[in-house]
Amino acid sequence: MHNLSGLARAAAIASQPEARVSELRQESGRPIIGYLCCFAPPEIISAAGAIPYRITGRPGEPTAEADAYLEPYGCSYVRNVFTQALKGRLDFLDGLVISHSCDLVQRLYGIWTYYHPFPYSRLFNVPHQVTPWAERFFKRELGFFKESLEQFTGQAVTAEKLREEIDLANRNRALIRELYQLRLKNPPLIKGSEMLSLLLAGGWLPAEEFNTLLNEALEEVEARSPEGTPRPRILVWGSLLDNIAFYRMIEEAGGEVAADDTCIGFRLFEKDIPATGDPDEGLKEHYFVNFQCPRTDRGPGTGRFDYLLERAREYNVDGVISYIISFCDPHKFDYPDLRDYLKEADFPMLLIDDNYSFTPAGTIQTRLQAFIELLAR
Amino acid sequence: MGQRQGEKITGSNPVVVAGIDVGSLSAEAVLLKDGRVVTFSIIPTGADSRKAAEKALTAAMESAGLQFDDLAVIVATGYGRISIPFAHKRITEITCHGRGAFYLDPAVRTVIDIGGQDSKVIRLNQQGKVLDFAMNDKCAAGTGRFLEVMATALEVELENLAALSDQAVRAISISSTCTVFAETEVVSLLAGGADRAEIARGLHESIAARTSSLVYRVGLDEAVMMTGGVAKNSAVVKALEEKLQLRIIVPPEPQIAGALGAALLAWEDCCAAGTT
Chain X
0 MHNLSGLARA AAIASQPEAR VSELRQESGR PIIGYLCCFA PPEIISAAGA
50 IPYRITGRPG EPTAEADAYL EPYGCSYVRN VFTQALKGRL DFLDGLVISH
100 SCDLVQRLYG IWTYYHPFPY SRLFNVPHQV TPWAERFFKR ELGFFKESLE
150 QFTGQAVTAE KLREEIDLAN RNRALIRELY QLRLKNPPLI KGSEMLSLLL
200 AGGWLPAEEF NTLLNEALEE VEARSPEGTP RPRILVWGSL LDNIAFYRMI
250 EEAGGEVAAD DTCIGFRLFE KDIPATGDPD EGLKEHYFVN FQCPRTDRGP
300 GTGRFDYLLE RAREYNVDGV ISYIISFCDP HKFDYPDLRD YLKEADFPML
350 LIDDNYSFTP AGTIQTRLQA FIELLAR
Chain Y
0 MGQRQGEKIT GSNPVVVAGI DVGSLSAEAV LLKDGRVVTF SIIPTGADSR
50 KAAEKALTAA MESAGLQFDD LAVIVATGYG RISIPFAHKR ITEITCHGRG
100 AFYLDPAVRT VIDIGGQDSK VIRLNQQGKV LDFAMNDKCA AGTGRFLEVM
150 ATALEVELEN LAALSDQAVR AISISSTCTV FAETEVVSLL AGGADRAEIA
200 RGLHESIAAR TSSLVYRVGL DEAVMMTGGV AKNSAVVKAL EEKLQLRIIV
250 PPEPQIAGAL GAALLAWEDC CAAGTT
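From first to last, the protein sequence lines are chains X and Y. Counting in numbering that gives the first Met the number 0, the first sequence runs from 0 upward without gaps. Counting in numbering that gives the first Met the number 0, the second sequence runs from 0 upward without gaps.
Hints were generated in silico from the structure; no laboratory data involved. Watch out, some of these pointers could steer you wrong.
Claimed, not checked - In silico DSBU-like links for lysine-lysine, alpha-carbon gap of 35 Å or less:
hint	chain 1	residue 1	chain 2	residue 2
1	Y	K242	X	K331
2	Y	K54	Y	K128
3	X	K145	X	K184
4	X	K342	Y	K54
5	X	K184	Y	K128
6	X	K184	Y	K88
7	Y	K242	Y	K32
8	X	K331	Y	K237
9	X	K331	Y	K32
10	Y	K128	X	K342
11	X	K342	Y	K242
12	X	K342	Y	K88
13	X	K270	X	K184
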């Protein structure tokens, strides 16, 4: 893997995501802390001297193990992740941080740590509305999170150390935005599946190494010249996509994923963490106030979707595909409003409701292809 | 049948194109000569999509006295479209059913297609272009397969299911939408001495209820046409008309709408621009 670079390296990392962090742990003894969802800042984990690791599932794998512990109404992603844990595949983790993003993820924390206690574990509490007092709450929560990590690693999270980590991660963000700029071209210079494979690698690498990877990829992609005839451009909106399989399906059906709004996608990287005197202030803005996950109630009215319409226009997309993992209430409840709002602006929308398996492939493929035919005509 | 390349034909000889629709239960082929339907065929799909496509096409060609080499363009559709190596183009059944229905009646704005294992609702604009569509979820509830299973449970031929339902003055409502659970429900109703005709009517109403929610999801616009094999069941059509409070157009051969659309798209692809 070490002789690969850029996009090829990103693709290789996906086959064994924990390889690099395990290596680092052996070299340095720094503990690996796994996290789910985007609210607990990995920058804090790094600043405390630990190695953050984004936990992902294995779509399509049967979840019989987790089904014994979780009720059937729970989403298949959570079942899938818990199956990985029950199979011992996440035993390399020294710690676990789960944000209260949705109820099932919170419950997962309880069940997981009950059956498998970690040397370090924390449930990171996140308010569901953005109000001045909720912002204060979030900042306090950041403080408690820091303290708990300091106790575990024995390293103080100083404002200076945290700022360094934020700078490194913001460098990731700047490079990712440069890559997204190359998607404005028609056809885009970088495929949606390639972009996602880079972003995923970012969750499994330290920020510094991610910067190297992004620089390599950027050089590689900038050297490309636009190839082939333009195909319908798609923006993908939805819940978690931690595997490139779905983007591949869109690409095979004749579409081009030109932009996205998913949680391991542009949601995390669209903006920098603001540089503030007190780093917690910037973290709060980025991870709470501005983070566009429908699990946070932003009140009635469609103003909450304006950013998405702007993005659809900026990336000149022809339509929007919504990928929602079955039973993801926060996304499912937002869907009808969003569909009507986008329809009004002449962006057709397709809903793919999937149990985190991308099957039956034929049925999903037919929907994708029909939608792309509709956009092409 | 081997792989062949599509070639644009502009001579004075009549141009023949084919549309093939390989669905889960049946396969259809439609042949067009200079843009007009010359013949069609309908056969059961069986286990091999490719063979079904070949058989359907051969049957259609034989009835029209045509050879494979006479076909200028072949467009495949249906879930088996990917396994037809001799097709020049593969287009989804959504686009094809929309195109076929619009050709059959240009007043159509909503197409309800219920086939062997899926059901879909397609919204068209005034030019016949697909605006939106919705498909049933993953299972076969409310499709042709559902009716087949229920006909067996009621010990009636599939063709006679509608007639049986017509005998009932009321319907026994069936609450399970899942085919397997609904079958269990029917069996226990029968064991309890319930009237077969009333159960049949209840089953047709349950399909109508399920389909109507799909219709409301994409929005209803008249005229409405029903295509696919289930459109041949008059009791489903009647129950759906009552549910939606409107008249539904059923073409004489609702099963071939997909293959017809595929053939029309093949014709447009190859020659329509030059001739019309």
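Status of each hint after checking the structure:
1. K242(Y) to K331(X): Holds. K242(Y) to K331(X) sits at ~27 Å (cutoff 35 Å).
2. K54(Y) to K128(Y): holds (31 Å)
3. K145(X) to K184(X): violated (42 Å)
4. K342(X) to K54(Y): violated (43 Å)
5. K184(X) to K128(Y): holds (28 Å)
6. K184(X) to K88(Y): Holds, because 28 Å separates the two Cα atoms, which is no more than 35 Å.
7. K242(Y) to K32(Y): violated (39 Å)
8. K331(X) to K237(Y): holds (33 Å)
9. K331(X) to K32(Y): Outside the cut-off at roughly 48 Å; violated.
10. K128(Y) to K342(X): At roughly 16 Å apart (the allowed maximum being 35 Å), K342(X) and K128(Y) satisfy the hint.
11. K342(X) to K242(Y): holds (27 Å)
12. K342(X) to K88(Y): holds (30 Å)
13. K270(X) to K184(X): holds (21 Å)
Violation of the numbered hints given earlier is confined to hints 3, 4, 7 and 9; the remaining hints are satisfied by the structure.
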